[in-house]
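Q: Residue strings, one per chain:
2 protein chains.
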Amino acid sequence: MGRRIVVVGGGAAGGTAAQFARKTDRNAEITVFEAGKYPQYSKCALPYLISKKVKNVVEFSEEWFKHANINLLLGTMVKEVDVKSRRVLAEHDGETIETGYDSLILATGANSAIPPIPGVVNESGGLTKGVFLLRTLDDAYAISSFIPRVQHAVIVGAGAIGLEMAEALYSHGVKVTVVEMLPSILPGMLDSDTAGVLQKAIPEDILILTGHRVLGVEKEGDVVKKVSVENEEGEQKTLEADMVLIATGIKANSEVAKKIGCKIGEYGGVSIDGRCRTSLEDVYAVGDCTEYLDFVTQKPFLVGLGSIAVRQGIVAGVNAAGGRMFLPEGFVQTRTTKLFGVEVAAVGPTLKQIQNINPVTGRFTGGTLPDYFPGGEEVTVKVAVNPADGVVVAAQAVGVDAAQRINVFACAIMNKMSVEALSQMETAYAPPVAPTLDPLTIACDVARMRYVRKR
Amino acid sequence: MGRRIVVVGGGAAGGTAAQFARKTDRNAEITVFEAGKYPQYSKCALPYLISKKVKNVVEFSEEWFKHANINLLLGTMVKEVDVKSRRVLAEHDGETIETGYDSLILATGANSAIPPIPGVVNESGGLTKGVFLLRTLDDAYAISSFIPRVQHAVIVGAGAIGLEMAEALYSHGVKVTVVEMLPSILPGMLDSDTAGVLQKAIPEDILILTGHRVLGVEKEGDVVKKVSVENEEGEQKTLEADMVLIATGIKANSEVAKKIGCKIGEYGGVSIDGRCRTSLEDVYAVGDCTEYLDFVTQKPFLVGLGSIAVRQGIVAGVNAAGGRMFLPEGFVQTRTTKLFGVEVAAVGPTLKQIQNINPVTGRFTGGTLPDYFPGGEEVTVKVAVNPADGVVVAAQAVGVDAAQRINVFACAIMNKMSVEALSQMETAYAPPVAPTLDPLTIACDVARMRYVRKR
Chain A
1 MGRRIVVVGG GAAGGTAAQF ARKTDRNAEI TVFEAGKYPQ YSKCALPYLI
51 SKKVKNVVEF SEEWFKHANI NLLLGTMVKE VDVKSRRVLA EHDGETIETG
101 YDSLILATGA NSAIPPIPGV VNESGGLTKG VFLLRTLDDA YAISSFIPRV
151 QHAVIVGAGA IGLEMAEALY SHGVKVTVVE MLPSILPGML DSDTAGVLQK
201 AIPEDILILT GHRVLGVEKE GDVVKKVSVE NEEGEQKTLE ADMVLIATGI
251 KANSEVAKKI GCKIGEYGGV SIDGRCRTSL EDVYAVGDCT EYLDFVTQKP
301 FLVGLGSIAV RQGIVAGVNA AGGRMFLPEG FVQTRTTKLF GVEVAAVGPT
351 LKQIQNINPV TGRFTGGTLP DYFPGGEEVT VKVAVNPADG VVVAAQAVGV
401 DAAQRINVFA CAIMNKMSVE ALSQMETAYA PPVAPTLDPL TIACDVARMR
451 YVRKR
Chain B
1001 MGRRIVVVGG GAAGGTAAQF ARKTDRNAEI TVFEAGKYPQ YSKCALPYLI
1051 SKKVKNVVEF SEEWFKHANI NLLLGTMVKE VDVKSRRVLA EHDGETIETG
1101 YDSLILATGA NSAIPPIPGV VNESGGLTKG VFLLRTLDDA YAISSFIPRV
1151 QHAVIVGAGA IGLEMAEALY SHGVKVTVVE MLPSILPGML DSDTAGVLQK
1201 AIPEDILILT GHRVLGVEKE GDVVKKVSVE NEEGEQKTLE ADMVLIATGI
1251 KANSEVAKKI GCKIGEYGGV SIDGRCRTSL EDVYAVGDCT EYLDFVTQKP
1301 FLVGLGSIAV RQGIVAGVNA AGGRMFLPEG FVQTRTTKLF GVEVAAVGPT
1351 LKQIQNINPV TGRFTGGTLP DYFPGGEEVT VKVAVNPADG VVVAAQAVGV
1401 DAAQRINVFA CAIMNKMSVE ALSQMETAYA PPVAPTLDPL TIACDVARMR
1451 YVRKR
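These protein sequences, in sequence, are chains A and B. Mapped onto my numbering, the consecutive letters of the first sequence carry residue numbers 1 to 455. Mapped onto my numbering, the consecutive letters of the second sequence carry residue numbers 1001 to 1455.
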């Protein structure tokens, strides 16, 4: 009999772990318990399903898993794990399923965080009618079928999901207001200066209220009708709203891990080591339910990126199946999105997150082609440098090929490269492709000069 | 009186050196002697001037130099340099100009190499009518005015210039044949497999004869009429040709340097150190007339890239003006172009150039967006790894954003990063921007697995 591997959760992290367990051990018995009714799909694609830009978000079908000889059980909730006897009890349609394991992989993901705003939750503890979250495919279907009756939507939170949904609802002709407590949009990715560059691309008839907090959601009958907000000066405003989307972040779903005694980190995620092992023997955890080290700060953070979930899934799958593979010594957290045609990307902490080291920065906005060549567009690149040693610690970009430029910085950060060395790197140059000095080079050079002067 | 800096040659390298000398020393007396009649222009843009894609290739005008208080003398040929007395003698319109210097920067560039093909050169030592080179703006003007009478063109050499000119002439309705001695196109940038991917993008009515050498150019009267070629099996063919473009590479123009006693390298370029200093005191050299170390092989190569010329210009300008700045410990030679809408890029040696180490490679062709997202295109990425230590030494890419992907590899190579670390790097992911695992990641993973198996 082969090694028995049980995965709890069939999202990107769990699904990938199952796949790589299979690649590592052809004879393993692999079971995935997934509470939802859909096979592995892309959560990040849900706004585009709602805008109808994509028709399908499933990445690996039930057939795919079957073909890989992975036992994927949908609509199956794990009820109990006995670590001593290494058994998992799950329930499907009222029936109990019991499975033993040699390796257990927890991939229980995260839930949307629901802020304590009066009116969001109704008397029975559910969401008020017209209030939505966007975390699951069912959430997306619920929003899609509600849209025809929506004229005014208020989105709480101007992070990636909030703004992607602003674009999706706008494409349906909905009048959208986005309310953000912090002073600028995409605060988890951009500083206020680079956020300002992005904000210019957002149509004027989408109202963005930064520096505003939501006071409450008002109903007419049992349905949402208005949202009241307040700015930092205490001025209040009431917004029409027949739909409210809560997009204020996620909280790790680490219930199962907690129950069986896995060490939980300070942000509520499961603590894991470089092989995705929890504090319990032969129990692994991956994806949004985990905490791991940030590469730059070397402090734990709550994983909330699909790119990391997949990379953890690979490592956990290999290790759970008897292989040996390690995570990097921290994640650089490369992240990106595209909003209203403008690509934005970032890597490493935002300035706010590293204000303690008082980083030196360089920013440059320039053409993606030489001035004399037609068709060039603009990209803004910003880099942050540790003033102690001149090493690149973070970068942001807004505009054409922002993401690939940020991948260059991801590589530089992983190698603890100095901004001086990076500013001398030969970026690819040809008139129809890029200027002799890429905007990323010039941003680095600005930072380099400031760094040298500061020393 | 300020420091006297004399620059010989006003191309990208010389012009940049003058600019950075000025930035470093506000009071320096800076003189640039340029033999040609145009101020600093982009040589790489000449094919696009011929195709009429660009209207102007001048990057820094005479006014610009005047404004920067740099004395740019066009149409001025340096006749003599006396290193002992530190004086330069130049000639302009029959008049002699004599200038003293504290720092001398040689930026004399390169000339097109002319292969010993019968019929290319006429009795008087000039090029046969209808035979062209493309190195200078005057070359481009000569070609442009000749095009109206051209029906069939033969291009000798399928490097970047040869293929860019194939596209330019094709855009004018010329029937083009490209003859390349080596077995595949763009041999200085791509291996035969990645070259094959590019070749599919070239219109079928452009005839590409790889593995063919040119036997001779035949004339009718004093004008080119036919070109005879031969393949590796010795089969001969005669091609119609009322125009022949020689695009077989360049040779360093290091005459002045040789005359004054600078050390010349094995490829005929001026040898320089990490501060762009020649073997003579206070004499610097930059750009296509120089040789410098390749980062990977740590062997000298003849500089032939605008991106390097500019970076050398910065370093030489700063040092010549009394500052202190160093080149990297070698150039990774990032290079790119766009041909028939397809971006191609490479960094580091080609496989042929490092066959002695028998590199491990990984190649992957994949979508630039997740499968479910519309609008994705294909990109092929290939990476080469040193089998001794798993370090990335070279990469090639063909397709969307090839250049920025190659910039990531340039960064990895400069940091001697292992293919394992690079394959674990979090590339930016979002459905409208890039897949969870970028094609560059998967190419690295293919190489990583082969490397591990080989150990």
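Don't read these hints as lab results, they were simulated from the structure. Keep in mind the model is a prediction, meaning the values are calculated, not measured. The C-beta atom is built at its ideal place from N, Cα and C for all residues, glycine as well. Check the hints yourself; a few may be wrong.
[Claimed, not checked] With a straight-line cut-off of 25 Å between C-alpha atoms, the simulated SDA-like cross-links for lysine to any residue are:
| id | chain 1 | residue 1 | chain 2 | residue 2 |
| --- | --- | --- | --- | --- |
| 1 | B | 1175 | B | 1124 |
| 2 | A | 53 | B | 1061 |
| 3 | A | 66 | B | 1371 |
| 4 | A | 416 | B | 1263 |
| 5 | B | 1052 | A | 53 |
| 6 | A | 52 | B | 1206 |
| 7 | A | 53 | B | 1035 |
[Unchecked claim] Every beta carbon over 10 Å from chain A, so not counted as near; a handful from chain B, in silico:
| id | residue |
| --- | --- |
| 8 | 1181 |
| 9 | 1415 |
| 10 | 1426 |
Q: Among the hints numbered above, which are violated by the structure, and what are their numbers in rising order?
A: Of the numbered hints, 1, 2, 4, 5, 6, 7, 9 and 10 do not hold.
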